[in-house]
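A.B. asks: Knowing the structure of chain W, use the given hints to seat chain S on it.
These protein sequences, in sequence, are chains W and S.
Sequential numbering of the first sequence, starting at 0, is according to numbering that gives the first Met the number 0.
Sequential numbering of the second sequence, starting at 0, is according to numbering that gives the first Met the number 0.
Cβ-Cβ distance ranges computed for the label pairs, FRET-style:
id, chain 1, residue 1, chain 2, residue 2, range
1, S, L323, W, L125, 43 to 51 Å
2, W, P101, S, A373, 20 to 28 Å
3, S, D378, W, L125, 30 to 38 Å
4, S, M0, W, S45, 39 to 47 Å
Quick caveat, the hints were computed from the structure, so don't treat them as lab data.
Just so it is clear, the structure is predicted and the values come from calculations on it, not from any experiment.
All C-beta atoms, glycine included, are put in the ideal place defined by N, C-alpha and C.
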Amino acid sequence: MEEKPIIVHAEHVKKSYHRGQHIIPVLEDITLCIREGQFLALMGPSGSGKSTLLNLIAGIDRVDSGAIRVGGIDITVLSETELAVWRATHVGFIFQFYNLIPVLTAYENIELPLHLMRLTAKERRLHVETALQVVNLSDRMDHYPAQLSGGEQQRVAIARALITDPAILVADEPTGDLDRQSAEDVLNLMARLNEESGKTIIMVTHDPRAAQRAQTLRHLEKGVLTDADCQAPF
Amino acid sequence: MLIVRLLFKNAFRHKFRAFLTILSITIAILAFVMLRTVIGAWYAGVDASSASRLVSRNAVSIIFPLPLSYKDRIRQVEGVRLVSYGNWFGGIYIDEKNFFANFAVEPGSYLELYPEYVLSPREREAFLKDRKAFAAGRKLAAKYGWKIGDMVTLRGTIYPGNWDFVLRAIYRGKTDSVDETQFFFHWDYLNETMKKTAPSRADEVGFYMIGVDHPDLSSAVTTAIDRTFKNSWAETLTETEKAFQQGFIAMSGAIITAIEIVSFVVIFIMLAVVANTMAMTTRERIGEYAILKTLGFGGWAIGGLIAGESVIISLCGCITGIALAFPAAAGFKKALGMYFPIFSVETPSLVMALIASLAVGILAAIVPIRRAIAIRIADGLRRIG
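One chain only, chain W, in its complex shape (with noise of 0.2 Å):
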């Protein structure tokens, strides 16, 4: 079977981050492949740079050197407005805490990225139904996120990530503040988006249970990947 083409590459990634006087190294020399419509876990103890990998790979982190490649695109050489653009096409967010605007309903937390498109309401109003469909939050959508559970709560954050049809979605520790059927239900849906849309998914889990729903394991001890590196060159 034919290989699907690499949508990202990191090559010799290094990060650290200052304490005061202090230097603290979190990335050393990290050099990972993904390919298109895979599902990767990142997995490792805390502080061995899983986040900050992920973070780097979905553009709201800056590499102390190295390069990171998106669909072809480097972008640890673009600027913060540069990389803004991108995120909002590119990117889907799926956080631990969920993140949706508090004062916002379940609907208007998904409309949001789409303000940053040029489409007209009508537009954005059938993208928002078809995401709310996707997973399956419909009779849900006038609700605010104090009156939504955990579960439902991360699905409005997947359904806001899917909304402006990214490449990738990055998912950093998604089920960790769910209990075990809701969190399966966001798994589910997760493996539901790589196999039937295709989405490229990076997920950053403690969580073995969820790490197993991947197709790819990825491992991190102190900043250095255990596993295999990339082999496939641009």
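C.D. replies: Only chain S this time, still in chain W's reference frame:
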């Protein structure tokens, strides 16, 4: 629309805090508009003065008189249409707290020179005929319940004794800016009494009021009058009615400056209150701004959200303050109408209040915007959960 809804929802998310902030702005704007209205009331006489009227007084000081004989010489100056004259009487009605302006004037020429004082033909005739007659403004008569034919006694301060007058006319102003709290009577009554009681003070005039043919002639007429009496024992100082009024206001210039400073200090206090609210709000919401940045909203959008919220809060307070300014001004006028006969909220004050509120809204958001934009997304997201 969603973004506008988000702005309003954010602005009123903490209802009690929003209420207190808006209340503070309301009070500040109310104070600002009232102080500006007080300043406006001070200048009301200046605004109401005519460009074609001059006032001539003793060059040394207004407390020194001019001879009555100047009247005919002033009338001969080219460009002069009409000359009237008068004296500040300074009489007290029953008690010193009952203050109102009272003048002795040459009634015929005075009424001709001041067409903004509107009298009915019957009352005008009655006022001109009776030497002990006085005319009062509508508000003054209403305040003391005077009716036509009533006798009113003023106790003289500059001109000693009790002076009896009969109310023969009640005037009203042609426009809202005309003072309706004045009391004026026949100069002849004053002069004849002086001839009997203090002959050395007879035939003396406090000031001349001069009507010119055209406002453009004011400067030339002013110079000509003062030249006429140069090197006489009573030199004149002639100026436009506006300059004359401004001269009076200049006497209380320090008070007006103080009021003006306080009115702007109020705006700075308002800025501090809104800035404090916005600083607290932004600090609490830094995680949400990080989410918005994550979704692709740029610095301008985040800045717009914070500035918009700040402006909404400022304008809510401003509009409430402006709405309250009208009943407050009406109450103020009712209580102190004799000191501020013209006390109405003026459009420029409202425009200034609106501009100040807008500026406060934007300025108060600058530091929070910088903070929200500067924070790294990863750091902002860490604050959630």
